[in-house]
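S.K.: If you want the building blocks of each chain, they are given just below.
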Amino acid sequence: MDSFIQIENFSKISPYASLFWQGMAVTIMLSLFTVAIGFVLALILSAMRMTKFYPLAFLGLDKDGHQKEKGIGVTIGKFNPISFLATAYVEILRSTPVIVQVAIIYYGVFGALIELPNFTFLGFIKFERFFPGVVALGMNSGAYLCEIMRSGIQSIDGGQTEAARSLGMSQFQNMKYIILPQAIKNILPAIANEFVVIIKESAITYTIGVQDIMSAVNAVRGATFIIIEPLLVATAIYFCLCFPTSKVIAYFERRMSRGDKR
Amino acid sequence: METRDKLIQITNLEKHYNFGKIKALDGVTVDIDKGDVMVVIGPSGSGKSTFLRSLNLLEEPTGGAIIFDNVDITKKKYKDENGKWVKVNMDLHRQKMGMVFQHFNLFPHKTIMENMILAPVKVKHMPEDVAKKKAYDLLGRVGLFDRADAYPIQLSGGQKQRIAIVRALMMEPEVMLFDEPTSALDPEMVGEVLDVMKQLADEGMTMVVVTHEMGFAREVGNRVLFMADGKLLEQGSPDEIFNHPNHLRLKEFLSKVL
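Keeping their order, the protein sequence lines are chains F and Z. As numbered in the working numbering, residues 1 to 262 make up the first sequence, in order. As numbered in the working numbering, residues 263 to 520 make up the second sequence, in order.
Note that these hints are calculated values from the structure, not bench results. All of these numbers come straight from a predicted model, not from anything done at the bench. The beta-carbon is built from N, C-alpha and C at its ideal position, and this holds for glycine as well. Treat the hints with caution; some may be incorrect.
Residues of chain F clear of chain Z, computed beta-carbon distances all greater than 12 Å [claimed, not checked]:
#1 37
#2 167
#3 169
#4 223
To spell it out: a stretch of chain F is covered by chain Z in this simulated footprint if at least three of its residues, at any positions, have a beta carbon under 8 Å from a beta carbon of chain Z; those stretches are [stated by the list, open to error]:
#5 150-163
#6 243-253
Chain Z on its own, in the form it takes in the complex:
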């Protein structure tokens, strides 16, 4: 078996509401390795978005652990090797996790270029000319080189999402999280966004993708997770999941979506 670098270790992750009456996440345990393209599928309300958003603490889990960079980021503070209490600096961890949202969330009051260089310049203190050069490189790669000075409102949905992806890439993250990146798009624009994601996967980027695009899961994913009722019911290669499903819920789900 090939050796794998574990990037994020998730153990027994829980997200409860109303004192445990509602369990959005109910004990999810999974490792994300470097280079994984992990696709999370499942019916709506299954907790897959909550799972993804917990990874960079946009949702605060109520139990379990997420080990990233040897730190359990679900804790507010931890003891370092000298036994001193250290506060967990979530901003620092988030810089290493790019996130792409269903509704793009571009900054409407800033141009595309400003959207892209804001965080690198202000957070990572990258010199502005270096950031701009990098931004033009990335814009060229997604075919939007000439839209640098446009405002988000002037772009189509597909263009916005491609910008959102490269905006996250500007921070040079170790892992990219995609929260239903194509669900808010017109059908004819889904392809252009998936192409960019596929390109990213081919370059070896570690990705966690929540999506309803089964074609993408099958072609690009190397691991597929099936979630229902906040639980991780089945995981495996795309072939195992799509062609040899075990769990009844998964079979039901696949019969509806395929």
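Chain F with its partners taken away, still in its complex shape:
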């Protein structure tokens, strides 16, 4: 009877090692770009959510500039279109599957609306597939990172803001000097986790033909009819990428929390 793993299969797939190396490079590039896009997007979304832009606020004021207590004008006056847009974006992206988002971006946005140049960079990465993958994953992780940032900011005791404001600091200064330095420390584990999730989630882009680790597995299977061993190689590569990443971030987390201890 055949055993679950056959050692000779590893030597049979070894000619395809370069596919795995290339797949690993693609996965790393994909994750780095995704993290960069996601982080910038999350900062923009968080800033949008925190704006104090009330274009209709005058509807809630009485004739000498006092805030009125109730009425339809007060309710409309509290409407913040910028914050609303950001919140809607985050909620939609968080409530739909990534695989659908990736497909919509690839087939819909870049398939029908925007035409991408058809070229290969670094010798083996197809731009017209790689780019939509990065955009879709970046948009998705931006929504999650925005949510993480919001919870981090909310986790800071309200007394901190009160103290800062009572010292005359503006809303912006309060954020910059008091809230964000503390919030970032609190959310570092969650952000690290999100980075690791992105590395793993990037596997989904093989559905639109990005040649990452997962697509290397399929290529090897197609050529050799061996499935378990390539999957194990892929597992090992993903583990080697994710595990050290989380450890490195855990190290920085410990360093940053030094001020908390006696």
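With chain F fixed as given, assemble chain Z onto it according to the hints.
M.R.: Below, chain Z without anything else, positioned relative to chain F:
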């Protein structure tokens, strides 16, 4: 009668929740004069904290006026002498009102020195060396000169509150607001904080103090307000309030706390 400079004029201040069903503040009218040490007492839920926090708009009043520096700070904007609409810059007014909280609210990620000089340097653009010198002066006055480089977590409650007081003083405020400054302290640390406050009062600082320390109200206060159910029921000198109370609610309250 001596002439007094009115610092803050409060008229008919209201704070309503749920469309007026809950009245945390129900028409409080009082003037705070320069040099006053005004102590606000009353049972819990009487609105005294809300009253204090309304003074620098940590709570937004739903009605009435607070005139500070000739501006009604409860309004979002006002008409200046030329008839132009001007936005009320609350940050500017808050710089002139120091506030001390029940739970200290020191910034845990900054050292004591950083806690003290942050606002003067960033908000008032005081040069850093000037701010540091001033901070060391103040730290010396409260006996914490050697803790400048410590983090808040390394200090006791009493020490934290003394730092919170001098942090507010760094901004050179015109009035200091104290929101139950000793309520979160272990009993043996209450004295050291009250001493600093007494010292401050002796120097002529205008103070509004919400507290349960009746001894402090009696000794240091020059005016005592008694609040209940969001209303200002009685006010007067400590002697009038503590030895000759009029209102039934005040008599009841005093019988419980004294």
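S.K.: Now tell me, hint by hint, if it's right for this structure.
M.R.: Against the structure, the hints:
no., hint, in the structure
1, 37, "holds (29 Å)"
2, 167, "violated (4 Å)"
3, 169, "violated (6 Å)"
4, 223, "holds (56 Å)"
5, 150-163, "holds (count 5)"
6, 243-253, "violated (count 0)"
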